[in-house]
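Quick note, in the working numbering, the sequence shown goes up one by one and the last residue is 1328.
By construction, these hints were calculated from the structure, which means they are not laboratory data. Just so we're clear, the structure is a prediction, and the values are computed from it rather than from any experiment. Hints should not be assumed to be uniformly reliable.
[Unchecked claim] Derived pair list, reagent style DSS-like, types lysine-lysine, alpha-carbon separation capped at 25 Å:
(1) K1056 to K1029
(2) K1056 to K1121
(3) K1257 to K1306
(4) K650 to K628
(5) K628 to K663
(6) K1029 to K996
(7) K1073 to K1123
(8) K663 to K649
(9) K1123 to K1056
(10) K628 to K596
[What the hints assert, rightly or not] Simulated restraints, written as ranges between beta carbons of each label pair:
(11) D431 to E522: 17 to 25 Å
(12) G665 to D1060: 15 to 23 Å
(13) K1257 to G774: 54 to 62 Å
(14) D653 to E704: 20 to 28 Å
(15) R524 to E408: 20 to 28 Å
(16) D815 to R646: 50 to 58 Å
(17) P449 to E1100: 44 to 52 Å
Idealized CB from N, CA, C, for every residue including glycine.
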Amino acid sequence: MTPEATARVTIDALLMAAGWHVCSVADANIHAAVGVAIREFPLNPGFGFADYLLYINGKACGVIEAKKECATLTGVELQSSRYAQGLPTTLPAWSRPLPFVWESTGVGTHFTNRLDPEPRARSVFAFFRPELLVQWLALLPPASNGSGVSEAPGTFLARMRNMPKLVTEWGSGGAHYQLWPAQIGAIANLEKSIAANKPKALIQMATGSGKTFTSIGFIYRLIKFGGARRVLFLVDRGNLARQTKKEFDAYASPYNNYKFGEEYIVQHLQNSQIDASARVVICTIQRMFSMLKGRELADEADEESTERVEALFKDPEPIGYNPAIPIETFDIVVTDEAHRSIYNLWRQVLEYFDAYLIGLTATPNKQTFGFFNQNLVMEYGHAQAVADGVNVNYDVYRIQTEVGTSGAKVDKGYWLETQDKATRRKTAWQLDDDFEYQSEELDRAVQTPDQIRTVVRTLRDRWQPDMFPQRQELPKTLIFAKDDNHAEKIVETLREEFGRGNEFAQKITYRSAQGGGTSPEQLIKDFRSSYYPRVAVTVDMIATGTDIKPVEIVVFMRSVKSRSFFEQMKGRGVRVCNPTDLAAVNPGEGVKKDHFVIVDAVGVCERDKTDSRPMDAKKSVPLDKLLQAVSLGNVEDEVLNSIAARLARLDKDASDADRAKVVELSGGKTLRDLARGIVDALSIDATQDMPPAEAEQRLRDATRPFSSPVLREQLLKMKQKADLVIDTVTQDTLLHAGFSEGSDRATALVQSFEDFIQQHKDEITALQILYSRPTRAPLKFEDVKALADALHAPPLNIDEGALWQAYATLRKGAVKGATQRRLLTDLVSLVRYAMQQTNELVPYPERVQANFKAWLAQHGNAFNPEQQHWLEMIRDHIAANLGIEIDDFEYAPFNSQGGLGKVHQLFGAELPKVIEELNRELAA
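Using the sequences and the hints given, assemble the complete structure.
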């Protein structure tokens, strides 16, 4: 079969899957179905043959130009367009030229909707169902009604070019809403982007700055005024989907008295059935992936974080066309936490639908920008959000302990404990040899209760005097632990060291509800809106996305390597909290949230982090992520080999009861059967003469048992039975507790300042002078004041005092006067230091004083004591004002000591010369 014939076979199959009746000219019946595709259709003389002519309800509507699989499609549009003009005049057509044009190889397909303004070809995953074209054809202008004016509505793209003005403030009283400038810009720029027919757009807004509210605002307008039929809102965890659904339901329309959920149906998809009447569908990306693959997804899988799972799919199983979910199901796809959803596995979901794709993120990286075609329609970072009062800033409080920094060594002969991670049963263990461990092993393989206790005790003793001296009760505190066992121990220690009851500290993880416990969702609700718990300990369940505004302390007792993930975790504290809500969980305190504190107990703020993703599975990938990947369809050799090896190890250490449980949950297979089934399926090679499809099916059969979440949970419990060593001997020592000297905040502040002066050195007068004449610069006070105003203004919001402290934090040995009150003229010293004109950052008055001493030395004993006193007053004036003029002697402090007349009396005709010299030499 020729490549062209192969492409036509694939195209036929895609058309039939999408509901088209495909036939030859000889067998044509244009009324056989709503949509009929006729192969090799003869056109007018000189136009040749259309590879496919498409009919809708008995009238021609479009053509498909078929090309061989390896052909490029860009540039073929002119040929296809010519075919669209060649339909014989004797045949019925919806319009001439035909409105719909495709080019396809069967692997790639381009489509042009000629009903759109400025029609442009776009890539589509497959062909549309005929029913969609029926809807589009209804947009054609009706037959002439004598007025010559079309009354038909435009396409979505046409309507986007005629959107009504954005309402930015509406409602009253307790239901008053007002968009922030960043939200207004995001919506306006997005609508411009879509109107320009850009297929992808990225919105970067800082955590807590209202991304979801902004999204609901533009989704509402896209539906109401743009005519979007249905919108898909993707999240990565079930609790975020529930939170998003609540925000949609609560959104009040700026244009009428309805709530969003009253005007349009919003579906939180928790099964495999999309509500046909829903205008918004909220869904986890893993559920939509499973639906497109035609698989069921366990409810538990909706709650599991997808972080890093996609990295296990080196060659992800491709998604094919699913007739139950056509590519036109959604006009708009919004993906939250876009920086996590663009990688190979989940990327397929985003690229399946013929929809405008909108990404939301607080922490984009280069890969994110690249995926969204560098189309950043809103950039609103944390610094801008703080300047606008949308976020609060933070301080870093570092806790360092001996064991947390260096690990420990226990001499042989001492008794330690071992703990079964699954049952938590403890056993005494006497050391036959010395036992040594590093800090990296803490709370993974080794737990040192006194290390946890030392951190918790330090938090107990220091939170009030160092962090929140005006508070009587510990502010809402979120602690990140390494795993579930670590979280358990932290909660136990918190209650003991603070001398409080069970309600004071609670663990919030995916396992919180096991054994009849309170659901994680209820615990999150209590933490957000009730007095108790004061402290929540989690692993990663509420590390991203979850909105808990009253949090004022975020404690890291685990390290993080990913920059994006760290920023998301840090973002749990940045959200502003209105005084009423804060007072509800802090009754009687009378406080406001103007900052939060990161308590860093592991040095996470000091370590370099990366945006890169692992290229393939490593041995370090935990078993739960491997099993999750297989449950989502991964059958790659490296992943399956790793699982088979781990199953074999589990079998060696498993109890009879555990083995029996596996047989029960796997449908009669032992651990050894499961491992051998994977190995046998992987062993199939070309010598066995087996078709690739059958070999792949063998792999799917071998991994089918792992689709059961109950079996996966059992295997993880067995994996946990490796004992945790508990070092009850080592006593930890606090090395340091105080605000960080190398914080990200200081680095970011210095970087912003240095970037600003570099970018504006040719625009701002003070910078122009300092760059062109670094010494003896004839600066004026008003020039420096203008520079200060520019730095104080959003988005920089840089204060000279904070900037001086940042330099002192980062370059302590080169900075003087960090504790002094700053003068505006100190900005001159800051600029000169940033420009590397000086090696030390010295307060401007000290520099003036040094220059004054040098000038006096040049003049010997030329001045009497009274003249000396006046020269010192002139010196101080120059230090505060950059210079002095004759008129200044009429003002304080000179006027109280005789003013202009007195200084003339003291210096006589030499006064102008003295003033000129002092202005020149002291300001140097």
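Verification of the supplied hints:
1. Restraint check for K1056 and K1029: the C-alpha separation of about 22 Å stays at or below 25 Å, so the hint holds.
2. Between K1056 and K1121 the alpha-carbon distance is near 15 Å, which keeps this suggested pair within the 25 Å criterion.
3. Distance restraint check for K1257 and K1306: the Cα-Cα separation of roughly 23 Å lies within the 25 Å cut-off, and the hinted pair is therefore satisfied.
4. For the hint linking K650 to K628, the alpha-carbon distance of about 20 Å falls within 25 Å, and the restraint holds.
5. Our distance criterion of 25 Å between C-alpha atoms is met by K628 and K663, whose separation comes to about 13 Å.
6. Only pairs whose Cα atoms come within 25 Å are accepted, and K1029 paired with K996 is rejected, the gap being roughly 41 Å.
7. Restraint check for K1073 and K1123: the C-alpha separation of about 18 Å stays at or below 25 Å, so the hint holds.
8. Using a Cα cut-off of 25 Å, the hinted pair K663 and K649 holds, with the two alpha carbons roughly 12 Å apart.
9. Under the criterion of a C-alpha separation no larger than 25 Å, the hint pairing K1123 with K1056 is consistent with the structure, at around 11 Å.
10. Of the pairs offered as hints, the one joining K628 and K596 holds, with about 17 Å between alpha carbons and a cut-off of 25 Å not exceeded.
11. Checked against the hint of 17 to 25 Å, the pair D431 and E522 fails, with Cβ atoms roughly 38 Å apart.
12. The given range of 15 to 23 Å is broken by G665 and D1060, whose C-beta atoms sit roughly 53 Å from each other.
13. For K1257 and G774, the Cβ-Cβ distance of about 58 Å falls inside the hinted range of 54 to 62 Å, so the restraint holds.
14. At roughly 25 Å, the beta-carbon separation of D653 and E704 lies within the given 20 to 28 Å, and the hint holds.
15. Our hint of 20 to 28 Å for R524 and E408 holds, since their Cβ atoms are close to 26 Å apart.
16. As the Cβ distance of D815 to R646 is approximately 52 Å, the hint placing it in 50 to 58 Å holds.
17. A C-beta distance of roughly 50 Å is found between P449 and E1100, which places it inside the suggested range of 44 to 52 Å.
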